[in-house]
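Residue strings, one per chain:
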Amino acid sequence: MERYDVAIIGTGPAGLEAAITAKVRNKSVLLLGGKGSSDKVSKAHTIQNYLGLPDIAGEDMAKTFLDHATKMGVEITEDKVNAIYSMGQYFAIQCHNGDYEASTVIVAAGMTAMKPFPGEMENLGRGVSYCATCDAALYKGKTAIIVAYSAEDEPEAEFLAERAEKVYYLPQYEYAGSLGGNIEVTLDVKPESIEMKDGQAVLNAKDSSFTANGIFILREQIAPSQLVPGLEMDGNHIKVDRSMATNIKGLFAAGDITGAPYQYIKSAGEGNVAALSAVSYLNSVKNN
Amino acid sequence: MVKKITTDEFNSMDKAGVSVLDFNAVWCGPCKMLGPVLEEVSEEMADDAKFYSIDTDENPDLAKEFGIMNIPAVVILKDGQKVDMNVGFVPKDALKDFVTKNL
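Protein chains in written order, with UniProt numbering: chain W, 1 to 288; chain C, 1 to 103.
Please note that a few of the clues may not be correct.
[Said to hold, decoys possible] Derived contacts from chain C toward chain W, CB cut-off under 7 Å, selection only:
#: 1; residue: Ala25
#: 2; residue: Trp27
#: 3; residue: Cys28
#: 4; residue: Gly29
#: 5; residue: Met33
#: 6; residue: Asp57
#: 7; residue: Ala63
#: 8; residue: Met69
#: 9; residue: Asn70
#: 10; residue: Ile71
#: 11; residue: Val87
#: 12; residue: Phe89
#: 13; residue: Val90
#: 14; residue: Pro91
#: 15; residue: Lys92
[Stated by the list, open to error] Calculated Cβ distances over 10 Å to all of chain C for the following chain W residues:
#: 16; residue: Asn97
#: 17; residue: Glu120
#: 18; residue: Gly180
#: 19; residue: Val185
#: 20; residue: Ala223
#: 21; residue: Tyr262
[Said to hold, decoys possible] Here are the simulated DSSO-like pairs of lysine-lysine, each with C-alpha atoms no more than 27 Å apart in a straight line:
#: 22; chain 1: W; residue 1: Lys249; chain 2: C; residue 2: Lys96
#: 23; chain 1: C; residue 1: Lys82; chain 2: W; residue 2: Lys140
#: 24; chain 1: C; residue 1: Lys15; chain 2: C; residue 2: Lys32
#: 25; chain 1: C; residue 1: Lys64; chain 2: W; residue 2: Lys142
#: 26; chain 1: C; residue 1: Lys64; chain 2: W; residue 2: Lys166
#: 27; chain 1: C; residue 1: Lys32; chain 2: W; residue 2: Lys140
#: 28; chain 1: C; residue 1: Lys4; chain 2: W; residue 2: Lys140
#: 29; chain 1: C; residue 1: Lys32; chain 2: W; residue 2: Lys80
#: 30; chain 1: C; residue 1: Lys82; chain 2: W; residue 2: Lys142
#: 31; chain 1: C; residue 1: Lys64; chain 2: W; residue 2: Lys197
#: 32; chain 1: W; residue 1: Lys286; chain 2: C; residue 2: Lys96
#: 33; chain 1: W; residue 1: Lys142; chain 2: C; residue 2: Lys4
#: 34; chain 1: C; residue 1: Lys96; chain 2: W; residue 2: Lys239
#: 35; chain 1: W; residue 1: Lys43; chain 2: W; residue 2: Lys115
#: 36; chain 1: C; residue 1: Lys64; chain 2: W; residue 2: Lys140
#: 37; chain 1: C; residue 1: Lys101; chain 2: W; residue 2: Lys249
#: 38; chain 1: W; residue 1: Lys239; chain 2: C; residue 2: Lys101
#: 39; chain 1: W; residue 1: Lys140; chain 2: C; residue 2: Lys3
#: 40; chain 1: W; residue 1: Lys249; chain 2: C; residue 2: Lys32
Because the hints were derived from the structure by calculation, they are not lab data.
Just so it is clear, the structure is predicted and the values come from calculations on it, not from any experiment.
Using N, Cα and C, we set each Cβ at its ideal position, and we do this for glycine too.
Next up, chain W with everything else stripped away, as it sits in the complex:
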């Protein structure tokens, strides 16, 4: 498998600037994300304080950014990242459409609005899980609750149901599937909290509650600490130093994901710093 020098997650100002800088420094770049920059850029009405681009509409700014990146030979790989694993000498990046490897990673995925349910983090790994296929073997003859956020989760429910005795499937999206058998689909359940009671996991919703051996929460957005296992956080943001380095060697972060102020030019600036830090890290590894 090709091992990239720098993998960058996110195509907003931080990710694009990081990719451009890494290219300028002659590194091989894997840029993962959406083709159209971030929604936060393209849907902005006007931006007044971006140096060199006065009073620009978000749509035009996104186009300017993407044109610049294209001109520098930056290509966007359209894929969704499931997890980034620090393997010691390199990073393994698991995506929807395949796996990638890189020597360094810059996380510039923006700020996620995801808020865990009360009781979710406390019971993670002790009844609460984010990967139904991972834990399926442990649910032979047991019951499980799946809180699902997209139709893509339906095959995961079926896989789990092959082993589990019963699966409660609670779609949080417009459900139009055909799950059946030992999968009980209940619509319009709004989960409020999670607790463990007598070794059973209980999901409390507004007017109902569900009890099973375990709860799976299959969100589309992943919290950074789930995206990169072992990553140190500062509240909802990734903890970084002035060189944009995280607690994991070779992994950097830039943009809104590192914290306020949520400004386009701050993101781009951090992307630049992160890329240069990744380049010095690559050089230091090579010299050792």
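Keeping the supplied structure of chain W fixed, place chain C upon it in accordance with the hints.
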């Protein structure tokens, strides 16, 4: 080296000292990633602990015995007694620290 074992082998083996048990499954992505990381740790800590890999699909009884609900799960045994557990993928340094603090 991480040695793959079955429930029978686990029950009959010598459990003196520190043993590190990696509960996993073949279709579990994070488990697949943790495998090589644990292998490296086991090489570096070969004098301190013994490392074992247990497929939860083939050995459900053992997984149940140790209260494994989610994998990958790394369980530390001292003279056969469970003293600590870590659930989910962890980077190499963190995994090494986790084993070291339980020696």
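Earlier hints that do not hold, by number: Violated: none.
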